[in-house]
Each structure stands twice: as C-alpha cells, then as structure tokens.
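Asks: Taken in sequence, the protein lines are chains A and B.
According to the numbering used here, the first sequence is numbered sequentially starting from 2.
According to the numbering used here, the second sequence is numbered sequentially starting from 258.
Possibly wrong hints are sitting among the right ones.
DEER-style ranges, computed between Cβ atoms [to be verified]:
(1) B:348 x A:268: 20 to 30 Å
(2) A:223 x B:329: 36 to 46 Å
(3) A:98 x B:289: 56 to 66 Å
(4) A:202 x B:456: 30 to 40 Å
(5) A:159 x B:482: 22 to 32 Å
(6) B:267 x A:159: 31 to 41 Å
(7) B:284 x A:160: 51 to 61 Å
(8) A:269 x B:266: 25 to 35 Å
(9) A:155 x B:471: 50 to 60 Å
(10) B:448 x A:159: 34 to 44 Å
(11) B:348 x A:269: 18 to 28 Å
Covered by chain B, according to a simulated footprint, are these stretches of chain A (three or more residues, beta-carbon under 8 Å) [to be verified]:
(12) 142-149
(13) 251-265
(14) 272-279
20 Å max Cα-Cα, derived EDC-like pairs, lysine to aspartate or glutamate [said to hold, decoys possible]:
(15) A:234 x B:479
(16) B:458 x B:479
(17) B:426 x A:88
(18) B:464 x B:407
(19) B:484 x B:429
(20) B:289 x A:287
Don't read these hints as lab results, they were simulated from the structure.
Glycine included, C-beta positions come from ideal geometry on N, C-alpha and C.
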Amino acid sequence: MCGIAGYFDKTGNDSAAIGAVVLKMLEALGARGPDSAGVALYGGRAKGEMVLRIKVGENGSVAKNATRLVAEARKLGKVSKSATTAEYLRLALKYQGDPKELERRLESVAAGVEIVSMGRRLEIVKQVGSPQNLDATYGIAKLTGTHGIGHTRLCTESKVDLSHSQPFWAHGCPDLAVVHNGHITNYHKLRRLYEQRGHKFYTENDSEVIGMYLADQMARGLNFRQALEASLKDLDGSFSYLAADGEHFGFAKDVFAFKPLLFTETDKFVAVATEEVALHAGLTGDYHVREAQAGEVRVWER
Amino acid sequence: MGAINCDGRTIREINSEIKRLVADGEKNIVVKNTAARHNLGVAIVKPVKLRFEGSVGYYCAGMIDGPTVEVTGSAGWGLAESMLNGTVIVRGSAGNAAAATIRGGTVVIHGDAAARLAVALKGGLVLVGGNCGYMAGFMAQKGTLIVCGDVGAAFGDSMYEAVCFVGGKIGELGNDAVIEKPTEQEEAFLRDTLKSHMPKKTVLKFKKVVAGRKLWNFSKQERAVWKEAL
Chain A
2 MCGIAGYFDK TGNDSAAIGA VVLKMLEALG ARGPDSAGVA LYGGRAKGEM VLRIKVGENG
62 SVAKNATRLV AEARKLGKVS KSATTAEYLR LALKYQGDPK ELERRLESVA AGVEIVSMGR
122 RLEIVKQVGS PQNLDATYGI AKLTGTHGIG HTRLCTESKV DLSHSQPFWA HGCPDLAVVH
182 NGHITNYHKL RRLYEQRGHK FYTENDSEVI GMYLADQMAR GLNFRQALEA SLKDLDGSFS
242 YLAADGEHFG FAKDVFAFKP LLFTETDKFV AVATEEVALH AGLTGDYHVR EAQAGEVRVW
302 ER
Chain B
258 MGAINCDGRT IREINSEIKR LVADGEKNIV VKNTAARHNL GVAIVKPVKL RFEGSVGYYC
318 AGMIDGPTVE VTGSAGWGLA ESMLNGTVIV RGSAGNAAAA TIRGGTVVIH GDAAARLAVA
378 LKGGLVLVGG NCGYMAGFMA QKGTLIVCGD VGAAFGDSMY EAVCFVGGKI GELGNDAVIE
438 KPTEQEEAFL RDTLKSHMPK KTVLKFKKVV AGRKLWNFSK QERAVWKEAL
C-alpha cells in the first residue's frame, strides 16, 4: 500500500497553495498508510540561502542539541532564522560551500541528529501519524510554493519512526526528494554498492535508495529526466515514485505497472496521485485523469 | 428515478441503498458525488440502469449480471471485473485490469485503458476508444477485444480463442499472437459495433490478432517456442 501525491503549479506562481493541496490529497489517501505522513514542499527563498530541517534528537536533548546546532551553523554561515517545533530545528543560513561538508559538520554535533532536508527551495516535514497530525504540529496547510510531493506510509519491512518516514531527501544533493509506493527488491545490492562508495544510509527503508540512485546518476551527467528513465532498468521490484528538485517534478512507474499512479494535467497545474480520490480532494474544476502506463516517465520543468 | 448522494455515506451504505432501490423495482438509478470512491455498484444482478455521475475508484461494477452501468468520469483498477452480463460504459479512462475475466456483456471505455486490459477474457465484448497499455488480452479464452487506438507491448500473449482488433499501432505482439486479415463479416461487425457505441469514431482499418495455436499443445519438437513463452 502507501499513498503518494504531488502537485506542480504551471502558472509560474511561486506562492501557490501547495501545502494545502498536498495535505488534502494525503488526507484522502490516509487509509492507504496510517503509519506516518510527510511532505516535501518547494518554495521561494532568499538568494544564497540554504534551508535545513533537522531532526534534533530524542526527547530531553532537543533544546540542548538545538542550541549546539545553531552555534555550529553560525561558524559556517550567517544564520538568518532558527526555530524549533516538536522534533525539528529549522535553520536558514547563507551558505555557498559544499553541502556535504555542511551536513557532516552539523550531524557530528550530537548523536541522533539527522538532516531531514537541505535545499535552496526544498523543505521536508514528516512524522509518525496521520496527515491531520502533521498539519496540527507544523501548519503545513499554510505553506506556499511552486510544487510539492507527499506520502502516507503503510510500513511493511522497516520500523515506524520519523527517520523511516517519507519523503526522503537524497542526502548530499540539495533539493532532491522522493516519495515511493512499492518495494525495491535489489535494495540490498544497491545499498552495498553505495556504501562501498562511502554513502551513509540513515534507515533500513528500501525507498531511501531511490533518491541516492537518482543523485548518483545526475552526478554522472544524466539530467533529471534521464535519471528517472534509467531507474526503470536499474531498480527492480514494484514502484511508482515521484521525484522533485528545485526546478523539476516527475514520476516513474515500473515496467510491470505493479503499483497504481494516475495523473492529470491542465494549463494551470499537474497533479499526480496513487488514487483518484486524492485528486478530487485536492483539486477543483475540470480535468481529465489517466492512469500512467507501465514504464512511463514524465517530467515537468519550472 | 432513484437518486443517491454519496456525500457523508460509507460505501456499504451506498451499495445497500442501490440494492434496496433495485429490489423495490426502480429501473433508473443515478448516483451523485462519487468522488472516485471504490467498490461502487458491485454485484447488481437485475437489468436496471445505473449512472455514476463523476469518477469511480477500484472495482466498480464488478461481478454484475445484467445492468447497464454508466460512469461519466473515469474508473480505477478492476472495472467490471468478472461480470457475467450487462453493459458498462466509461466516458473517461480506465485503470489497470479493466474488464478482467469477464464472461459476457459489453465494456465500453471511451478514453484510454491502462495495463492488463481484458486479461483472461472468457466472453463478451470489450471496446476501447483510445489506447491501451501493455499485456492486454493476456490468456484471453473467448470473447472480443477491440482497441481503436494503439496497444502496448505483449499484446494478446498466450491466448486461446479470443479475437482482438486493433485500429492503431501494436507496441509488440505477445507470445503466440499472430496478425490476420479480418473477414468481410468481421469488418461489418466492427463498423456496426463502432456505430452503436461510438458513432463519432472512425477507424479506417483494423488489424485482427488471434492465437497462432503454437502453445495449445506441447510438442518436444517445439521446445524453443516454449522456452520463449515461459
């Protein structure tokens, strides 16, 4: 099971109500995955600014770790905003250096600290529980931007906690995020390969490898679309996934069409979801819906 | 005419209400605000008219025998699955495994169909106005599948006595599927079928696809054929 949904505004408006739309779609898909919910939203940011959403650590250490993280961040760039909500510290800082270095420095501040997302436009919020709870805690319905993706999880093989929830940010690659419905059967093989190259995995969730795969393909010179197309051959198993970065929004469906995914495109927007109930919940007006075909990849660029 | 509003009702309540109206002798039932919800209008076994205004989710009109079901929007996975008789018309597109294992009746999809259309077809007629995905007609035993547009890969794989007609391009034929020239009678049947279900649609020429019967009986001499198919 699991439910995925995404919305992409085509009008060039960078303050579309993407938080509210993705939230409504996720609420409609809630029955497909009650374990956790999350969104990755892409909004406009100040130039040169990097926004980080950081899982601060276990209960009790939150305030202390947050203070240490802000202190560490100040050594690396000018911190313009910092705020803690529930398990997260949100940081905005001027930073032009190597994103991997920023990640390494901040995560070494204390055990249990994890960069959930980093990007010039991306922000990920996810937690255990329903989409409604996610909104109650973080107020995602108020967030605006150009595009967003979301996920409700029915856990099958790895544990239920914040880190194992989706979307997954592709660590080391700012702005790239993925939501996945299905099962990547060559996960362990790919994971071993990436671990040998020095990549760190944060979870036992097979979906985590998709973002890493796409980041790796793009580092080798493929563009966003080509990376998604290549994944049809290199990823085994069942998958319908949505991927996005600051400029792109796209989906890929495995060559056997094991998992549902349908989409609609009008002059104003593109919306993609596991079930049409989500589109009815999130959209208004007339639109024509089509199930994605086996092995279909589609990408939209901002 | 009986009307049902789906808002605020569970699927069980909606389907019970449909069945109650059918039992009361209602011949015309309209269901509103369907919002793509699943399992609507299953197991209706009387020749009533049932109209869903909007889109429906998974398994709409499954296991029916006799009714005429119309969906004004699109349909999710497993449309009309295992129907015995009746007519199902979808104005939009349909998800995977539409008209799978039907034994009789007619399924008309005006838009596109996705993967595994009419798999294990055991009778009846399936007509698609647009394109369809891969693996359509897999192991179809009897009945007729007509696709006006293009079809995906593995088309008509491992079929028995079903007959398929394709108006557009064939992505790739499945194992043992072969192309034949339609007979004059078949061409007349295709014209009549289109005229009655999709009067605005014109398809100049259909390709006919049937089983080459190479997989019907096992022969040691044909090991290569089996190796390919399995």
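Asks: Each of the hints needs a verdict: does it hold here or not?
Replies: Hint check results:
no. : hint                      : verdict
1   : B:348 x A:268: 20 to 30 Å : holds, 21 Å
2   : A:223 x B:329: 36 to 46 Å : holds, 42 Å
3   : A:98 x B:289: 56 to 66 Å  : holds, 58 Å
4   : A:202 x B:456: 30 to 40 Å : violated, 58 Å
5   : A:159 x B:482: 22 to 32 Å : violated, 43 Å
6   : B:267 x A:159: 31 to 41 Å : holds, 32 Å
7   : B:284 x A:160: 51 to 61 Å : holds, 55 Å
8   : A:269 x B:266: 25 to 35 Å : holds, 31 Å
9   : A:155 x B:471: 50 to 60 Å : violated, 43 Å
10  : B:448 x A:159: 34 to 44 Å : violated, 57 Å
11  : B:348 x A:269: 18 to 28 Å : holds, 23 Å
12  : 142-149                   : violated (count 0)
13  : 251-265                   : holds (count 4)
14  : 272-279                   : holds (count 3)
15  : A:234 x B:479             : violated, 31 Å
16  : B:458 x B:479             : violated, 42 Å
17  : B:426 x A:88              : violated, 55 Å
18  : B:464 x B:407             : holds, 11 Å
19  : B:484 x B:429             : holds, 18 Å
20  : B:289 x A:287             : holds, 16 Å
The structure does not agree with the numbered hints 4, 5, 9, 10, 12, 15, 16 and 17 stated previously, though it agrees with the rest.
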